[in-house]
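Chains as they are written, first to last, in the working numbering: chain H, 1 to 291; chain F, 1001 to 1315.
It should be emphasised that the hints constitute simulated quantities derived from the structure, not laboratory data. Check before you lean on any hint, since a few could be wrong.
These stretches of chain H come out as covered by chain F in the derived footprint (C-beta under 8 Å, 3 or more residues) [stated by the list, open to error]:
1) 47-54
2) 218-231
3) 257-271
Just a few of them, taken from the derived set where beta-carbon distance is under 8 Å, the chain H residues facing chain F [said to hold, decoys possible]:
4) V35
5) I36
6) I129
7) D130
Glycine included, every Cβ here is placed at the ideal spot set by N, Cα and C.
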Amino acid sequence: MSIEIVDPVAEAEEASPDRRTLRRLGWVGWISIGVIVLALLMAVLGPILAPFDPNQGDLSFANVGPFGQHLLGFDGQGRDVLSRLLVGARTAIFGAAAVALVAVVIGTTLALVTAWFGGKVDATASVVIDVVFAFPGILLAILAAAVFGPSLFSAGLALAIAYSPYVARVLRGAALKERAMTYIAALEVQGFGAWRLCARHLLPNISSLIVAQGTILFGFAMVDLAAISFLGLGVQTPQADWGVMVSEGKTSLLQGYPLVSISAVLCIVAVVAAVSFLGDRLDTSSKAVNR
Amino acid sequence: MIAFLGKRMAMLLATLLVASFAIYGALYLAPGSPIAALTGGRSVPPEVLAQLEERYHLNEPFLTRYWLWLSGVVRGDLGESIPLRQDVSTIIGQRIGVTLQLVMLTAAIIIIVGVGLGIVGALGRKSVDFGVLLASTVSAALPAFAAAVLLQFVFGVMLGWFPVLGTGDGFVDQLRHLTLPALALAATSVALVARVTRTAVRDELDKEHVQTAVSRGLPWRDVVRRHVLRNAAIPITTVVGITIASLIALAAVVETAFGLNGLGAYLVQAAQNKDFATVQGISLVLVFAFVITNVIIDIAYAILDPRVTLGSRAQ
């Protein structure tokens, strides 16, 4: 672990942290932002933009390559691949965003409560966290599918629970450090309550770290949700979803027609790579808070 | 050291106990009655029903059933799969070999290729370093299932070098069948390990003790081996351990993609078929493996870095 030494004077001279992050993006960063904007547009407008019905197939077109208006050809059941990709963006992206959001909310709450109260609360919470750590996300999602039946909701909830200890661990350190600052003690002496201090002072001061954690988790969530749907335990066929499309396209792929699986894989990889690149950048810009 | 190990073991047992309770409890709460699964939905005479309830302890309170299950688990009896009419421990025994081979082969790839690439990148020329960085960036973005599909197409369908489905017979054939799955499983981890290794080695190269060693005229090879790699080994071991631990659950995805008859792939099937005894058994084995691996990482960390006060946990 290297400790980044930050010159406090140089830090203070910079206009604002947001502008600093933007300046450091470089062309890869701008491409990443472009990919994410495109993906968001697909997620919001996908069903409107889709030129054909994503679920209406014509078996006589099964595994036929691109022609005319069918820019990406047809899948093994003769459905338009481009339309399915556009419609499938919604569960892939909003699903992952929801998982990241829930994990960050649970993790942040845990971190703040344990850092603020310490003692017995901290000890109890860390036992719970240790147990959740013993379950890898994918395993918890498979268990959830066994208990509640396979669906995007059960898989997403399981992943959010599995991720939250990671958030809690990172944020707890930052919150503890912030808690020890004199301004908190000063405000406490003035009689401000725990709730108000956490919400108004502590939380904003670790917010850049929270955003970085959320971004990194979004990438993990997208990969894991797609993997669970690939296993048949998440979004269910015939509903269009990028993860489902990878697994649906496998039969065609093994017969030598890879376009369905590969186009879905490329969509996932492009978004995940873009998000993780930006997440890394956000993380380095908030390292000073982290350590 | 003994106190450290003892404390770690106690924590390990406590975690496993709570995890086993969580696994059993979650599936106990699941909707659907085991009787329906046993009878296949047909109506059966009450005496048969009573017999079934007696046999599977369905009338006992939850804690008694958990205790019966747990005491069975300790003796190596994981219960009986109702749909298969087969002991869960037999089912696990038949499939654990494939998973173990897959994880071990993948771990070997991660250590050799990941650490190797990282060292080459850190010590090599700028163009070499750039190549390593580029390769690791691409492969880091490739999730296991995506890598599986791409490898199947390129090396299985297009080039025909490796089989794309099944386990194979005999050592060489098995190795051939496991090559692509292991590569798919290793893709992300190799990248991560290569990156951490590269950074760790470069950080170490910049340190004063290395400059001193160089200026005193020690051979470069010895400086790298004794001063750089020895110190860089600490973060490298941590990241290798964490990635290998993560393979245990991820193997399910790759096994399913390649039609391997391993534990993970069967867990997925059992979850779909609501075969609860099997889901409980395999989950418990996977959690056990995951937790044990983490303990080994902690111990390795304490041995490698004498500064780690035994008893405090590795970050």
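Results for each hint:
| no. | hint | result |
| --- | --- | --- |
| 1 | 47-54 | violated (count 0) |
| 2 | 218-231 | holds (count 5) |
| 3 | 257-271 | holds (count 6) |
| 4 | V35 | 11 Å, violated |
| 5 | I36 | 14 Å, violated |
| 6 | I129 | 11 Å, violated |
| 7 | D130 | 6 Å, holds |
Comparing the model with each earlier hint shows violations of hints 1, 4, 5 and 6; every other hint is respected.
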